[in-house]
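Trainee: From first to last, the protein sequence lines stand for chains A and B.
FYI, numbering that gives the first Met the number 0 numbers position 384 of the first sequence as 383, with every residue one higher than the one before it.
FYI, numbering that gives the first Met the number 0 numbers position 135 of the second sequence as 134, with every residue one higher than the one before it.
No lab work stands behind these hints, which were simulated from the structure alone.
Treat each hint with caution, since some may be false.
Claimed, not checked - Below 20 Å or equal to it, Euclidean Cα-Cα: the simulated SDA-like pairs (lysine to any residue) are: (1) K131/A <-> N422/B; (2) K185/A <-> E539/B; (3) K233/A <-> S104/A; (4) K537/A <-> Y564/B; (5) K91/B <-> M174/B; (6) K509/B <-> V540/A.
Said to hold, decoys possible - Derived CB-CB ranges, DEER-like: (7) E252/B <-> D230/A: 38 to 46 Å; (8) Q570/B <-> N382/A: 42 to 50 Å; (9) I21/B <-> S290/A: 38 to 46 Å; (10) K509/A <-> Q9/B: 39 to 47 Å; (11) N506/B <-> K563/A: 52 to 60 Å; (12) N418/B <-> I557/A: 41 to 49 Å; (13) N506/B <-> Q562/A: 21 to 29 Å; (14) N213/A <-> N418/B: 19 to 27 Å; (15) D230/A <-> N162/B: 43 to 51 Å; (16) S231/A <-> V456/B: 51 to 59 Å; (17) D314/A <-> K132/B: 19 to 27 Å; (18) S24/B <-> D230/A: 53 to 61 Å.
Note that the structure is a prediction, hence the values are computed from the model and not measured.
Ideal Cβ placement from N, Cα and C applies to all residues, glycine included.
Next come the chains, spelled out residue by residue.
Number of protein chains: 2
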Amino acid sequence: MGLDKINSPQDIKNLSIEELKIIASDIRKGILNRVNKIGGHLGPDLGIVEATIAMHYVFNSPIDKIVFDVSHQIYPHKMLTGRKHGFLDEEKLFEITGYSNPDESEHDNFIIGHTSTSISLACGLAKARDLKKENYNVIALIGDGSLSGGEAYEGFNNAAMLNSNFIAIVNDNEMSIAKNQGGLYKNLEDLRKNNGNVENNFFKSLGFEYIYLNDGNDIEKLIETFKKVKDSKKPIVVHIHTLKGKGYEPAEENKERYHWTIPNFMDDNQTFTQKETYESITTDFILDKKSKGEPVVAITPATPGATGFYQEFRDKLGENYTDVGIAEEHAIAYASALAKNGAKPILAVLSSFIQRTYDQLSQDLALNKSPAIILVFWGAITNADSTHLGVFDIPLVSNIPNIVHLNPTNKEEYIAMLNWAYNQNEHPVVIRVPYMECYSSGINDDTDYSDLNKFKVLNKGEKIGIIALGNFLSLGKAIKEELKFENINATLINPCFASRIDEDLLNQLKENHKIIITLEDGVLDGGFGEKISRFYSKTEVKVLNYGAKKEFTDRIPIEKLYQKYRLTKEQIKEDILHLI
Amino acid sequence: MGLDKINSPQDIKNLSIEELKIIASDIRKGILNRVNKIGGHLGPDLGIVEATIAMHYVFNSPIDKIVFDVSHQIYPHKMLTGRKHGFLDEEKLFEITGYSNPDESEHDNFIIGHTSTSISLACGLAKARDLKKENYNVIALIGDGSLSGGEAYEGFNNAAMLNSNFIAIVNDNEMSIAKNQGGLYKNLEDLRKNNGNVENNFFKSLGFEYIYLNDGNDIEKLIETFKKVKDSKKPIVVHIHTLKGKGYEPAEENKERYHWTIPNFMDDNQTFTQKETYESITTDFILDKKSKGEPVVAITPATPGATGFYQEFRDKLGENYTDVGIAEEHAIAYASALAKNGAKPILAVLSSFIQRTYDQLSQDLALNKSPAIILVFWGAITNADSTHLGVFDIPLVSNIPNIVHLNPTNKEEYIAMLNWAYNQNEHPVVIRVPYMECYSSGINDDTDYSDLNKFKVLNKGEKIGIIALGNFLSLGKAIKEELKFENINATLINPCFASRIDEDLLNQLKENHKIIITLEDGVLDGGFGEKISRFYSKTEVKVLNYGAKKEFTDRIPIEKLYQKYRLTKEQIKEDILHLI
Numbered sequence: 000m001g002l003d004k005i006n007s008p009q010d011i012k013n014l015s016i017e018e019l020k021i022i023a024s025d026i027r028k029g030i031l032n033r034v035n036k037i038g039g040h041l042g043p044d045l046g047i048v049e050a051t052i053a054m055h056y057v058f059n060s061p062i063d064k065i066v067f068d069v070s071h072q073i074y075p076h077k078m079l080t081g082r083k084h085g086f087l088d089e090e091k092l093f094e095i096t097g098y099s100n101p102d103e104s105e106h107d108n109f110i111i112g113h114t115s116t117s118i119s120l121a122c123g124l125a126k127a128r129d130l131k132k133e134n135y136n137v138i139a140l141i142g143d144g145s146l147s148g149g150e151a152y153e154g155f156n157n158a159a160m161l162n163s164n165f166i167a168i169v170n171d172n173e174m175s176i177a178k179n180q181g182g183l184y185k186n187l188e189d190l191r192k193n194n195g196n197v198e199n200n201f202f203k204s205l206g207f208e209y210i211y212l213n214d215g216n217d218i219e220k221l222i223e224t225f226k227k228v229k230d231s232k233k234p235i236v237v238h239i240h241t242l243k244g245k246g247y248e249p250a251e252e253n254k255e256r257y258h259w260t261i262p263n264f265m266d267d268n269q270t271f272t273q274k275e276t277y278e279s280i281t282t283d284f285i286l287d288k289k290s291k292g293e294p295v296v297a298i299t300p301a302t303p304g305a306t307g308f309y310q311e312f313r314d315k316l317g318e319n320y321t322d323v324g325i326a327e328e329h330a331i332a333y334a335s336a337l338a339k340n341g342a343k344p345i346l347a348v349l350s351s352f353i354q355r356t357y358d359q360l361s362q363d364l365a366l367n368k369s370p371a372i373i374l375v376f377w378g379a380i381t382n383a384d385s386t387h388l389g390v391f392d393i394p395l396v397s398n399i400p401n402i403v404h405l406n407p408t409n410k411e412e413y414i415a416m417l418n419w420a421y422n423q424n425e426h427p428v429v430i431r432v433p434y435m436e437c438y439s440s441g442i443n444d445d446t447d448y449s450d451l452n453k454f455k456v457l458n459k460g461e462k463i464g465i466i467a468l469g470n471f472l473s474l475g476k477a478i479k480e481e482l483k484f485e486n487i488n489a490t491l492i493n494p495c496f497a498s499r500i501d502e503d504l505l506n507q508l509k510e511n512h513k514i515i516i517t518l519e520d521g522v523l524d525g526g527f528g529e530k531i532s533r534f535y536s537k538t539e540v541k542v543l544n545y546g547a548k549k550e551f552t553d554r555i556p557i558e559k560l561y562q563k564y565r566l567t568k569e570q571i572k573e574d575i576l577h578l579i
Numbered sequence: 000m001g002l003d004k005i006n007s008p009q010d011i012k013n014l015s016i017e018e019l020k021i022i023a024s025d026i027r028k029g030i031l032n033r034v035n036k037i038g039g040h041l042g043p044d045l046g047i048v049e050a051t052i053a054m055h056y057v058f059n060s061p062i063d064k065i066v067f068d069v070s071h072q073i074y075p076h077k078m079l080t081g082r083k084h085g086f087l088d089e090e091k092l093f094e095i096t097g098y099s100n101p102d103e104s105e106h107d108n109f110i111i112g113h114t115s116t117s118i119s120l121a122c123g124l125a126k127a128r129d130l131k132k133e134n135y136n137v138i139a140l141i142g143d144g145s146l147s148g149g150e151a152y153e154g155f156n157n158a159a160m161l162n163s164n165f166i167a168i169v170n171d172n173e174m175s176i177a178k179n180q181g182g183l184y185k186n187l188e189d190l191r192k193n194n195g196n197v198e199n200n201f202f203k204s205l206g207f208e209y210i211y212l213n214d215g216n217d218i219e220k221l222i223e224t225f226k227k228v229k230d231s232k233k234p235i236v237v238h239i240h241t242l243k244g245k246g247y248e249p250a251e252e253n254k255e256r257y258h259w260t261i262p263n264f265m266d267d268n269q270t271f272t273q274k275e276t277y278e279s280i281t282t283d284f285i286l287d288k289k290s291k292g293e294p295v296v297a298i299t300p301a302t303p304g305a306t307g308f309y310q311e312f313r314d315k316l317g318e319n320y321t322d323v324g325i326a327e328e329h330a331i332a333y334a335s336a337l338a339k340n341g342a343k344p345i346l347a348v349l350s351s352f353i354q355r356t357y358d359q360l361s362q363d364l365a366l367n368k369s370p371a372i373i374l375v376f377w378g379a380i381t382n383a384d385s386t387h388l389g390v391f392d393i394p395l396v397s398n399i400p401n402i403v404h405l406n407p408t409n410k411e412e413y414i415a416m417l418n419w420a421y422n423q424n425e426h427p428v429v430i431r432v433p434y435m436e437c438y439s440s441g442i443n444d445d446t447d448y449s450d451l452n453k454f455k456v457l458n459k460g461e462k463i464g465i466i467a468l469g470n471f472l473s474l475g476k477a478i479k480e481e482l483k484f485e486n487i488n489a490t491l492i493n494p495c496f497a498s499r500i501d502e503d504l505l506n507q508l509k510e511n512h513k514i515i516i517t518l519e520d521g522v523l524d525g526g527f528g529e530k531i532s533r534f535y536s537k538t539e540v541k542v543l544n545y546g547a548k549k550e551f552t553d554r555i556p557i558e559k560l561y562q563k564y565r566l567t568k569e570q571i572k573e574d575i576l577h578l579i
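This is chain A alone, in the form it adopts within the complex (with noise of 0.2 Å):
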């Protein structure tokens, strides 16, 4: 008896632990190869595919609620629960998606892609629980690496507080995404060595009861912890011990490099291209600095690899690395302080995670002027999963005073951005990094950004004037090219700052403009755009903006947006043509 006949958690109550062991052989199977067809999320599932069987086994779902973190580990869950066909059947892997959906399943109990919000989430349901005399079981399962939030210590505090039952499962791989940073880190070394028994147990002082397994992978040992704490009538934590990457050699050994992966992994032929790359210019410029002995600092919020801090580049800093660990807020703060002293920092942070920083980068950096230079990775419309969209970063960010928000559209203009936030002691630059293939003019640019919210006029022409921001410069182009044809000569403008206006240009081109389009790589409401539109609201000159729609939309084919959205050539032109 195999996954084959599960079809639900219930499938699995009467077996035993040997026809366990088939269930999670099966499982890393299924694991491998959705993962090696679409890519994923690897190193986690495989080391929690035993934890998840026991869980399953003991509690009792979708009565029992279990919340999981960030969802980096939900595979083994989601093939327990209805959804092998996802990892199983080539036909059906891009039906379901990689992470918790109660849209998916009953089984899943929030639609989850950040990390850290487990223990509050689970907290909430457990106290809504009690309110309703209710009874049954909440478990949070946590990763170590997601400990280092200060969303998950919010809600451990509160958890704590919970007279009733409360299990927070912590699995501990020994890994972030990369490496665990962090004091928090030593006590969890402390606690696998000694089986759990240390001398400050960081659960215990927060008031919970805890349990320790070392043998986080054997099913039969899981299932007698999970039975101890099961009705627990307190917060209680269980902290296991698992191998990151499980069953799969390479990811055992390799556990940074196979916590995701792109697809066919499992390829011996598969090579990397040494070509370059926004992320690569934006590490040679910080060795770069090393190198001349300045105290420039690299700041990661424990996705390095995400942006481009690779293991090479990281030796080659030393102290002039910093991995917060999972910790945005801090990692802006720290940014602050370091550059408010005298230091060279430059934090490198997606743009779906610089949405946990909104108060960081108003009051600890923006009020403070701290000339701290933030570089938004990964901000574009996309084909992501809703829980990881790029639209929604320019809003957040440029409309915070102080901040300077720079929009780069190719290598010579982003090398001198970095320059010029480097050099300058003023203000907090916040650089938007570009998302696309590395496109070099091939002209050395040195403008200075001192003289603020100066747009650039690429085209000097007349009635359409085309703002084209950031990622979507090359569709300006484009739209003036498709113009030519109408014997129309655009403007076209890169405006090189998101965070003000340029209104001496904006008011020049009152005179020989009627129509102006605004472009911009992410959602329209509360962006770059609007700010276009309410210089010109008092005007006779009309404006076009161009942008996402505010919504989460949820791996969507760029095209298909691009076209919902309005965003081609064609139908830019087509509204131009029918406004005129």
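Given the coordinates of chain A, assemble chain B onto it according to the supplied hints.
Mentor: Below, chain B alone, put in the same frame as chain A:
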């Protein structure tokens, strides 16, 4: 020798303990004088007098750098660092702010007004020091209440990794603004009871060295303790136990009441009128649900008094009340999960502090369409300190997909919105509670807001349309009256919703309106008015947007701000007539 001779920390270095005690007494008088004259933080400042004197006696500011968490306890420091006139000289009370501010003194390192930031900021200062091979002490002074914030925890986790000097002074006065909440506080209580010796020490679990002083108001012992940790080569926590409100008996006895106070608190004859407020309407609403046995949960992130959640209310609610401590991120996720599991959470939060929660609003709440209710208080253009502005919440909240953002304009409308939000199960609802005297229309309101984004037309006129959001409806009415003198019968609209626009209505308005003006009590950039401008930007209709400029203002009188932003009826009328 008393405070009159002290103009910088250097001046206390050679004094005797007895002389320092006299200065402590003088400082207390200064605190009481200022706060009684102009209001401010009383209890935390009275409690930290001796520790501040000892800090400046032992450490060497500004070479040694001290970071004050949230600044609720910075008055004694200000008095010792050349700013005693702001406490003693009636003419100069307003010359200094109540918060840490480097523009005032080189002894302040950052502008700070939000909690839980000091550890991260000090961590950055220390790291920059180390990179530059400098040598001095970096000290964070953080209250026990601030320890519950995720940013503080993230900071501790990272500061523990510094292999160098880092001193966190934890000022434990057994209180947040209200009573502390969370598992951590049991740990602190145990530490206090056992003179710093417990089985699981929270700080030690994170890798800090630790030292405890129970007599946190004894200058001599404080000096002795600080001398022990001065020049420490490792991160260390100095946990001192102080008495909040010390030296002013009413503040010692009623710690919450005197955490912060309005002026003239010493006036025995001060009476509190029991008039109806938006706060009392809120608590009445919640108590009514509780009395019906419904699973309502009132939630505060440690600011119950500021939103009308007074002790009597909390006592009546019992298990239906949760103070999560200073933990806004958790508060949102917790509310979301409560709603998902059938409870009825109502979270009350201040505009300035909801800034901590963008990601949780987006991911934990909105993406999951949890029907929680978030009430935003103090959202308005005010004369607040730059760290407590209430103008940024509309752009922050309203541009998140799935959130319904409501803006009531009077008592009956507020109740109608509360009722609708409470009884529906589809949408996360954020209500921006009016920031003004409570105004009753006297007319029962039973609007069903299920028909989302439907604006209310209060007066159907022509030529000019006034769309006046929330607090500014009264300004809209005034402008309408002004325009009557010009024989213009303006259309007046209460949009209610800030999250989307009423496209049907806006299209209708095009027929007989030339100018639309928008009014919002918040920043224009990314806000409500820009949505209207964008809508009309491709039409003949002109739009004038009114609201605050994107800037950090600092204690500027509201009238001045209104004048600057052209938010008076006279200015707006002038603009309209000019445009016609």
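Trainee: Compare the structure with each hint and give your call.
Mentor: For each hint, the structure was consulted:
no.	hint	verdict
1	K131/A <-> N422/B	holds, 17 Å
2	K185/A <-> E539/B	violated, 65 Å
3	K233/A <-> S104/A	violated, 28 Å
4	K537/A <-> Y564/B	holds, 16 Å
5	K91/B <-> M174/B	violated, 31 Å
6	K509/B <-> V540/A	holds, 17 Å
7	E252/B <-> D230/A: 38 to 46 Å	holds, 44 Å
8	Q570/B <-> N382/A: 42 to 50 Å	holds, 48 Å
9	I21/B <-> S290/A: 38 to 46 Å	violated, 56 Å
10	K509/A <-> Q9/B: 39 to 47 Å	violated, 60 Å
11	N506/B <-> K563/A: 52 to 60 Å	violated, 21 Å
12	N418/B <-> I557/A: 41 to 49 Å	holds, 42 Å
13	N506/B <-> Q562/A: 21 to 29 Å	holds, 24 Å
14	N213/A <-> N418/B: 19 to 27 Å	violated, 54 Å
15	D230/A <-> N162/B: 43 to 51 Å	holds, 45 Å
16	S231/A <-> V456/B: 51 to 59 Å	holds, 57 Å
17	D314/A <-> K132/B: 19 to 27 Å	holds, 21 Å
18	S24/B <-> D230/A: 53 to 61 Å	holds, 58 Å
Hints 2, 3, 5, 9, 10, 11, 14 from the list above are not met by this structure, while the remaining hints are.
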